[in-house]
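Student: Here's the letter readout for the chains.
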Amino acid sequence: MRTQLNHSAKDMKTLDQLKPGESAVIYNIKSSDLTIKLLEMGLLPGKRVHYNFKAPFGDPISVQIAGCSLSLRLDEAHLIELT
Amino acid sequence: MSTPTATAKSINVQKSNLTVALAGNPNSGKSTLFNLLTGLNQKVGNYPGVTVERKSGKCSLPGGQVVDILDLPGTYSIYPRSTDEQVVTNVLLHRSSSHYPDIVIVVADMNNLERNLLLFTQIQDLGIPTIFVLNMADQARKRGLRINTKKLSQHLGQVPILLMNARNGEGLNELKALLQQQIKQHASPFYDVFPLFPEAIAEVKYLLKTQTYYEAYLVLQHFEQLPFLSASEKEQLTHLRNQLHFDKNTLQIEETKERYKRIQPILDEVLTLTEEKGTTSFSQKIDRIVTHRVFGYLIFFGILFLVFQAIFTWATVPMDFIDYLFSQLSEWVKVTLPEGVLTNLLAEGVLPGIGGIVIFVPQIAILFVFIAILEETGYMARVVFLMDKMMRKVGLNGRSVVPLISGLACAVPAIMATRGIDNWKDRLITIFVTPFMSCSARLPVYTILIALVVPNRTIWGFINLQGVTLMGMYLLGFAAAMVSALLMKYIIRAQKGGFLIMELPTYRWPRWGNVFMMTYEKSKTFVIEAGKIILAVSIVLWVLASYGPGQRMEQAEQQLLSEQAQMPGDEENMDNAIASARLEHSYAGIMGKWIEPAIRPLGYDWKIGIALITSFAAREVFVGTMATLYSVGEDFEDESTIKSRMQSEINTETGGPRYTLAVAFSLLVFYAFAMQCMSTVAIVHRETNGWKWPLIQMAYMSVLAYVSALCVYQILA
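Top line first, the protein sequences correspond to chains A and B.
Residue 1 is where the first sequence starts when you use this note's numbering, and the numbers rise one by one after that.
Residue 1001 is where the second sequence starts when you use this note's numbering, and the numbers rise one by one after that.
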C-alpha cells in the first residue's frame, strides 16, 4: 500500500521509509520551502522520532516527537533524513 | 557589536485601559484562558483588511481596573503560513497602533515546552513586556514532570512565570494579580539576531526607528505583508533587501536553529521527569480505532449521520416556534400600528425578512455545538488526517472537510471556516465548491417539490421514496462539489504545494464553556453577516412586489372587484385573488414575465420566474413567493396548503397540471446548483478580497443550474 516516491540517487534513509512502530534519530531536514515549518513543529536534528501509524490509504502518517503527535504527508516525511 | 539599548520601560499609564494580548501555540489552552478572563464580555470583529476574526474582551481585575484582552490566533512561530498566523505578526510589529499590546501573555502547553519556548523567546525579543503562562500543569504533574520555574525565569530575563490549569481556573487569580503589577520589558534579547545580518538590520532600525534589532529584522523579513508600512517604505526595504542579498528563508532557518540550541540546555536544567507514564498512550489507543481503515470511516460517517439527524429533527421544534413568533409579531404590528406604507413595510418586508434569518439559527447552533465538541476533543484533527488523501485526489485538502460539513447548515459560516486552510489554492477551491453542499435553506424548497410529485410510498418495508429522493438531492450537491473541485484543480495554477504538518492533539473531554462560546459566536456572526443582506434584499423585494408602474395594479384590482360585483363569492378567496392579481402587475410580476422566454425550455412559467428572481437573494424565499403567488395569504410555512394549491395549478397550454414530474425535478436540480444566496456572494467577496471569484462562481453555478435543469426537463418531459 506504499506510495512510491522519487528517490534521489544518493539514498539516505528518510522518515517515510520507516515502518509503523519503528523509531529513529533525525539527522537532517532537507532544504525546502517547508524546512522552517518542520523545525517549528519540533522536528529537529538529533531528536528521536517514532512512526506511530499511517492513515488508511497509506498517506498521511502520524509520528511521535518530543511527547507530541504530528501528522505528516509522505512527501513531507521524505524531507526528514534519518541517521 | 552592540546590544539593543532598550531598557526596562514602564507601562504606558496615560492610556485608560491596558491592552493585554494572548499568544500561544494552537491547542495550548489559549482560548480557554481567554474565555475565562473575559466571560461573556467579548466581541468579535475583524482585523482591518483581512477577514480573520479579531476576538477581544474586557477583564476586571480585583483592584477595580479593567484591562482589554485580545486573543491572537494560535501560531507556532513569528513566521506565518496562513492568514490567521499573519495577523499575529502584524499586530506584534505595529508598535504605533493604538491596539498595540502593553503586555503579551504567552500561553504554553507545559508538556511541550521546547516548541512553545521558540514562540515565547521570539515574542519576548520584540521588546514587549511578557508573562509566561505554563498551562496544563496538572497533566504535566500526572506525567511526573517537575519544573523549576525560578530557574527558568532566570534564564528568560526574570519573566514572571505562572503555572496554570485554565480548564478549572487554577492560577487565574494569580494571573489577574500579576496584571496589576508593573511588568518589565526584558533588557537584553534571549537570542541576539543582530550578528546574523548587521548592515541590513542596523539600516532598518535607523530607517523605521524600531525599538529592538529583532523588530527591525522581522520587518525586513515580512514587510510585503505589513499593512501599516507606506509604499515608499516598502520600496526602500525592497531595495535594501536586494542590495544586501538578505536571504530571508536561510536566515529564518538559522535563527530557529540557534534559538533551539539555546533552549535545549535550559530545559535540561529546569525540567525533571520522575516517572514516564503518558496520557499519550491512551490517545494512541483511541487513534488505533478512529484511524482504522474500516472502523475509522464507520465512526466518522456515524458521527456525520448523528449530526445530520440532529440538525433536521431536533431543530424543528425551535424553528416552528420562531416561525410562529414572527408571524404573530407581523400580525400584531399590522393590527396595532396605524395603517400605512411603513406599517406594511415593517409587517410584510422587514419582520418576515428578520424571521427568515432567525429561523435558521437553531440548525446552525446545533451544527456548531457538534463541531465545537469535535474540535475540543481533538477528533477533528483525526478527521482531517483520515480524509486528506481522498480530498487531495479532487483538489481539496483534509482541512476542507470541516467547511464542507458546515455547508450542510449554511454556506456563510462554512466559508468563514476555510481560514484555517493555509494553502491558498486549496482554500479557494473549498470556497468555490462549498455552496454546492445542500444548505438548510434548500430544505424547504426540496420538501415541498418532492412532496408534490414523489408518492409518499414505502418500498421493501423500510425505504421511503420521498426520503430517498431527499437524500439523493444531498448526494447530488456533494457530487457537484467534488466534480467542480476536480475541474478547478486543473484550471487554477498552483503557486505552492500545500502541506499537512499538523499536530494531533491529545484527546480531552470538551470544556462546555468553550463549546457554548463558539456556538454563540458563530450564530451571532451568522445573524449579523447574513442578516444584513437578507434584510436589505427582502425590503427591496417587498417594494418590487408591492408596487407596479403607473396604475396597472389598481386597474387589475378594480377589474376583479367589478367581476365580483357581478357574481358575489367568498370574501376571503376574493382577497387572495386580488393579492395575486396585484402581484402579477407589480414590478416583480413584470420581471417574471420578462424572463419567461428564457425559462420556458426548462418548463417554467412567469410565476415560477418570479420565484426564481426573488430567490436570487435567498433560496428559501421560494416557498414564501409560491405562497403569495398561489394566494394562500400570510401563512407562509403551512406547506400542505401551498402544496394543494400548487397541485391544482393548471398549465394553460397543456391543460394538465402545472407541476409535472419533469417540472418539479427540473426545479429541484436548478435549486441544487444555482447560487441563489446574496449572503454567500458577499462572504466570498470578503474572503477572496475582490469581485473576481464571487462573479466566476456565480456564473459557473448559474450556467450549470440552467443547463442541468434544461437537460432534466427535456429528458423527463
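Derived by calculation from the structure, the hints in this document are not laboratory data.
Each residue gets a CB set at the ideal place from its N, CA and C atoms; glycine is no exception.
A few of these clues could be false.
[Claimed, not checked] The calculated EDC-like cross-link candidates involving lysine to aspartate or glutamate, where the alpha carbons are at most 16 Å apart (straight line), are:
(1) A:Lys47 / B:Glu1053
(2) A:Lys47 / B:Asp1268
(3) B:Lys1176 / B:Asp1102
(4) B:Lys1524 / B:Glu1114
(5) B:Lys1248 / A:Asp75
(6) B:Lys1257 / B:Asp1138
(7) A:Lys30 / B:Glu1254
(8) B:Lys1393 / A:Asp75
(9) B:Lys1389 / A:Asp33
(10) B:Lys1151 / B:Asp1268
[Unchecked claim] Every beta carbon over 10 Å from chain A, so not counted as near; a handful from chain B, in silico:
(11) Lys1043
(12) Val1067
(13) Tyr1079
(14) Gln1180
(15) Phe1223
(16) Glu1224
(17) Arg1293
(18) Ile1354
(19) Pro1505
(20) Ser1580
[Unchecked claim] So, partial list: chain A residues that the calculated Cβ filter (under 10 Å) puts toward chain B:
(21) Met12
(22) Met41
(23) Leu43
Student: Against each hint, give a clear statement of whether it holds in the structure.
Tutor: Verification of the supplied hints:
A hinted pair counts as satisfied when its Cα atoms are at most 16 Å apart, and lysine 47 of chain A with glutamate 1053 of chain B does not qualify at roughly 36 Å. The hinted pair formed by lysine 47 of chain A and aspartate 1268 of chain B meets the criterion: a straight-line CA distance of about 14 Å does not exceed 16 Å. In summary, the hint linking lysine 1176 of chain B to aspartate 1102 of chain B is supported, as the alpha carbons are separated by about 15 Å, within the 16 Å threshold. Only pairs whose Cα atoms come within 16 Å are accepted, and lysine 1524 of chain B paired with glutamate 1114 of chain B is rejected, the gap being roughly 38 Å.
About 24 Å separates the Cα atoms of lysine 1248 of chain B and aspartate 75 of chain A, which puts this hinted pair outside 16 Å; it is violated. With a C-alpha separation of about 30 Å, the suggested pairing of lysine 1257 of chain B with aspartate 1138 of chain B is violated against the 16 Å cut-off. Distance check on the hinted pair: lysine 30 of chain A and glutamate 1254 of chain B sit about 14 Å apart at the alpha-carbon level, within 16 Å; holds. With a C-alpha separation of about 15 Å, the suggested pairing of lysine 1393 of chain B with aspartate 75 of chain A holds against the 16 Å cut-off.
A threshold of 16 Å between alpha carbons decides the hint, and for lysine 1389 of chain B with aspartate 33 of chain A the separation of about 21 Å lies outside it, so the pair is violated. Simply put, lysine 1151 of chain B and aspartate 1268 of chain B have alpha-carbon atoms about 11 Å apart, close enough for the 16 Å limit, and the pair holds. With a cut of 10 Å on Cβ distances, lysine 1043 of chain B stays outside the contact zone with chain A, its closest approach being about 31 Å. With a cut of 10 Å on Cβ distances, valine 1067 of chain B stays outside the contact zone with chain A, its closest approach being about 30 Å.
The Cβ of tyrosine 1079 of chain B does not lie farther than 10 Å from every Cβ of chain A; its closest approach is about 6 Å, which violates its non-interface assignment. For glutamine 1180 of chain B, the shortest C-beta to C-beta distance to chain A comes to about 34 Å, beyond the 10 Å cut-off, and the non-interface label holds. Against chain A, the non-interface label of phenylalanine 1223 of chain B holds: every CB pair exceeds 10 Å, the least being about 18 Å. At the 10 Å boundary, the C-beta of glutamate 1224 of chain B stays outside the reach of chain A, the nearest C-beta of that chain being 16 Å off.
Non-interface status of arginine 1293 of chain B relative to chain A is broken: a Cβ of that chain comes within 10 Å, the nearest being about 4 Å off. With a least CB separation of 43 Å from chain A, isoleucine 1354 of chain B remains clear of the 10 Å interface cut-off, as annotated. Distance check for proline 1505 of chain B against chain A: the nearest CB is about 8 Å away, which does not clear 10 Å, and the non-interface claim fails. Non-interface status of serine 1580 of chain B relative to chain A is upheld: no Cβ of that chain comes within 10 Å, the nearest being about 57 Å off.
A distance limit of 10 Å between C-beta atoms decides the matter here; for methionine 12 of chain A the minimum to chain B is near 19 Å, and the interface restraint is violated. Residue-level restraint check for methionine 41 of chain A holds (minimum Cβ-Cβ distance to chain B is 6 Å; threshold 10 Å). Nearest Cβ of chain B to the Cβ of leucine 43 of chain A: about 8 Å, under the 10 Å cut. The hint holds.
Violation of the numbered hints given earlier is confined to hints 1, 4, 5, 6, 9, 13, 17, 19 and 21; the remaining hints are satisfied by the structure.
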